[in-house]
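Trainee: Chain by chain, the residues run as shown.
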Amino acid sequence: MPLRIIPRLDIKAPNLVKGVRLEGLRVMGKPEEFALRYFEQGADELYYQDIVASLYGRSNIIDLIKETAGRIFVPLTVGGGIRTHADIQQILRAGADKVCINTAAAQRPEFITEAAKSFGTQCIVVGIETIRQTDGKWKAFTDNGREHTGMDAYDWAMRAVDLGCGELLLTSVDREGTNKGFELEFVAKIAQQVPVPVVAHGGAGSLEDIAAVAKLGVDGVAIASMLHYNRTTVKDIKQYLSSQGVEVRA
Amino acid sequence: MSVKVAIVDYGLGNLHSVVKALAHAGAEVIVAENGEQLAGVDKIVLPGVGAFSDGMAGLLKAGHVEPLKAAAAAGVPILGICLGAQLMLGHSEEFGSTAGLGIIPGKVVKIPAAGIKVPHVGWAQLAPRQEQVWQSGALRKTPPLTWAYFVHSYHMIPDDVNDVAATVQSGAHQITAAVARDNITGFQFHPEKSGQSGLDMLSAFLFDS
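If you read the sequences in order, they're chains A and B. The first sequence lines up with residues 86 to 335 when you count with our numbering. The second sequence lines up with residues -9 to 199 when you count with our numbering.
The following block holds chain B by itself, in its conformation from the complex (with noise of 0.2 Å):
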């Protein structure tokens, strides 16, 4: 079966590895550099790296906002990673406040200062907030405590506890690594970098999701 996934473009940061990564994965990637381009596929993966509201001006000038809230209404899964993923909820806290694409109710806070280093950089394993939760989706084949690849300073906090998928333990706090709500899900990590075990997660998303 041939998936066919858009990786939304919209300026900012690298898209090569992710591009590699899905191709890896099994994919058929096509690097979407305007709105238009995202219809039509199976999956979508927004990714991106850098600041919260220059993310969401890059989205805004390539019109990738009104077809990225209309392939989440309409059931089409999309993974964000990194920013990415912090771009899908409802706003920041980045440089005051930035309204984000609001698909997952919930905001984007500055890591806690207690606890690891920020910005919070390197492998950290990931802890299911409930094992259910890992029962589906991207994140159906990994095994709890499996190592992933961060690099940020922000983290999310979903309104909804249950859209929180996986968290990493931080001192006393737990910062959130991924989030995930129906058809939408949300990796802070970087999956494109976190080894074998990150493929796989991208290969669940394309076939298992």
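Only chain A is shown next, with the shape it has when bound in the complex (with noise of 0.2 Å):
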């Protein structure tokens, strides 16, 4: 399969933000505008965030999502504050075709399970915040990096996927908004180790962080920074891939 480029929006509705390490958040201007752009660019999905969601319950995100499936053709994952079976239906009825899910695992894995049995594996992706130790391995973190799971960040990947996940994000929270290139070792670690898609996210600087990541037999690369902040194109980082032997969708 190519290799989706998949534009992250974080949503702190009605605005598109952007942050450092999942803080510091910086209003970029209407997520629909941003995600047409980056459609006509030729993006192989597109990823909601809803940031705020966790923290404070669902906001309203459904008009987005509505808004966003009637004008842009491609796949879209909507992720934040997801912990119930009717959330899940709701965001899937507003037009999504996949639901991220973090907290609400983290907290009560047997959701996962539930999920992927009444929806179907292929729409239950399963979000991994990671934060690198000081002893060099990976920490698992909820609601954007601000609360520890205790969990092995590894450990966990590999539960998801027993549990029934059909896709993995991962976020490396210590690399996201930095532009620093992703977390290629844990990231190499997952993806060698688990039959379902992995996503990376968190920390693509240029195109060559974006080649790397990719030739560690990951699935799809999640952006955000470079795109928003126009310093490439999806078609860009489409044409540089293509030229570095990774299949793309053209």
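In short, the hints are calculated from the structure, not lab data. Quick caveat: nothing in here was measured; it's all calculated off a predicted structure. Think of the CB as a built atom: it goes at the ideal place given N, C-alpha and C, for glycine as much as any other residue. Heads up, a few of these hints could be off.
[As the list claims (entries may be wrong)] Quick list of in silico lysine to aspartate or glutamate cross-link-like pairs, EDC-like style, CA-CA up to 16 Å: (1) B:Lys100 x B:Glu84; (2) B:Lys10 x A:Glu152; (3) B:Lys107 x A:Asp304; (4) B:Lys10 x A:Asp304; (5) A:Lys97 x A:Glu118; (6) B:Lys10 x B:Asp(-1); (7) B:Lys131 x B:Asp190; (8) B:Lys97 x B:Asp150; (9) A:Lys320 x A:Glu152.
[Said to hold, decoys possible] Covered stretches of chain A, as calculated for chain B (at least 3 residues, CB under 8 Å): (10) 124 to 133; (11) 178 to 184; (12) 197 to 211; (13) 271 to 277.
Two chains, two frames, a set of hints: combine them into the complex.
Mentor: Written out as structure tokens, the structure reads:
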């Protein structure tokens, strides 16, 4: 399968925001305008993260999903504050194709199995937020890197797969928004082990960074700052990857 | 020229993206909640996501089965998408055996285990079974090896191999990606999620078939 280029939009309704290490959020503009631009540039999928939902309960992202699904004709994944069967149903009905669960799964791992049974494994993504510790290991976090789960991130990722999730989204909290490059070592460790697709997120600063993580065998790359600040386009990313021998959708 | 297209609603899956994609392509769209609403339209789209038996039960309950068969026989262009395409075949082996609409003779079977991962989720390139098959209908403007977006565990096996319009390579096997027979077209992939190429196919179905 071709490597999926997935623009990631952090939403604080009604705005698109961008931070560094998931904090210090800056308002960038209207998410629907950015989404349309990325669709026209050839994005393979879009990812919306409702960044206030898990702190304050569900926010009003449903209208935005409806609006987006009516104009963006590629798959849409939505994460942030998804806790119940009804939350998932509401988001899928609004036009999303997949949901990403993080906090609720960490608190009650069986939720992954239940959700996969009800909606199909293909639409249940589990988000793994990692922060590298001084001992060189990765710990799993939730709530945009604010809450420590006490779990080893590698063990948690493997368990999420065993519980039936259809995809993993690996977010390096300590690299997110820093342009320092992806957390290659952790991503490689997971991508080589699991049978489900893996999407890498956090740290893309250059086309070379994206090619480096692509070569680890991931299925998708989530990119935010580089696109939001107009430092590159989806089209340019794909052209570069193609020149590096990485298969992308033309 | 205004084209009136009915989207068959039988309570399964999300119709929103299909409705919007057809409207985007320039159609006048009506959502048909019962079989009577299929009368007098120019084209019909049968979408759907989920299990085959639930799909057939939904079509029966909403009174869509006979009007769909009648429209097919009367030459109304019909496009099935994903489960909607599968429902047009004779029967499915999903959970035992369930009868389908039988508009295209054939069956629906599990994707062979050797090859791609099942469920097959993601982008794959469409290959024409024969070049001339793509010279008419919904795939008319689609170049070979166009990328399309798939989400499925079963695929269609028409009795007549000439009804296969496009395939996707999966290891040593070929998975059926599209079927076409006279006024009937079935896409296993989702044109409404396949980017500009998918919109182009919907447009060809609406205005060139």
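Trainee: For each hint, tell me whether it holds in the structure or not.
Mentor: Verification of the supplied hints:
1. B:Lys100 x B:Glu84: Answer holds: Lys100 (chain B) to Glu84 (chain B) is near 7 Å, not above 16 Å.
2. B:Lys10 x A:Glu152: 10 Å, holds
3. B:Lys107 x A:Asp304: Given that 16 Å is the threshold and the Cα spacing comes to 13 Å, the pair holds.
4. B:Lys10 x A:Asp304: 28 Å, violated
5. A:Lys97 x A:Glu118: 15 Å, holds
6. B:Lys10 x B:Asp(-1): 14 Å, holds
7. B:Lys131 x B:Asp190: 7 Å, holds
8. B:Lys97 x B:Asp150: Holds - the C-alpha atoms of Asp150 (chain B) and Lys97 (chain B) are around 11 Å apart, at most 16 Å.
9. A:Lys320 x A:Glu152: Judged against 16 Å, a Cα distance of about 24 Å means the pair is violated.
10. 124 to 133: Since 3 is at least three, the answer is holds.
11. 178 to 184: With 4 residues close enough to chain B, the hint holds.
12. 197 to 211: n = 3 at 8 Å, threshold three: holds.
13. 271 to 277: The restraint on the region 271 to 277 of chain A is violated, since only 0 of its residues have a Cβ under 8 Å from chain B and three are required.
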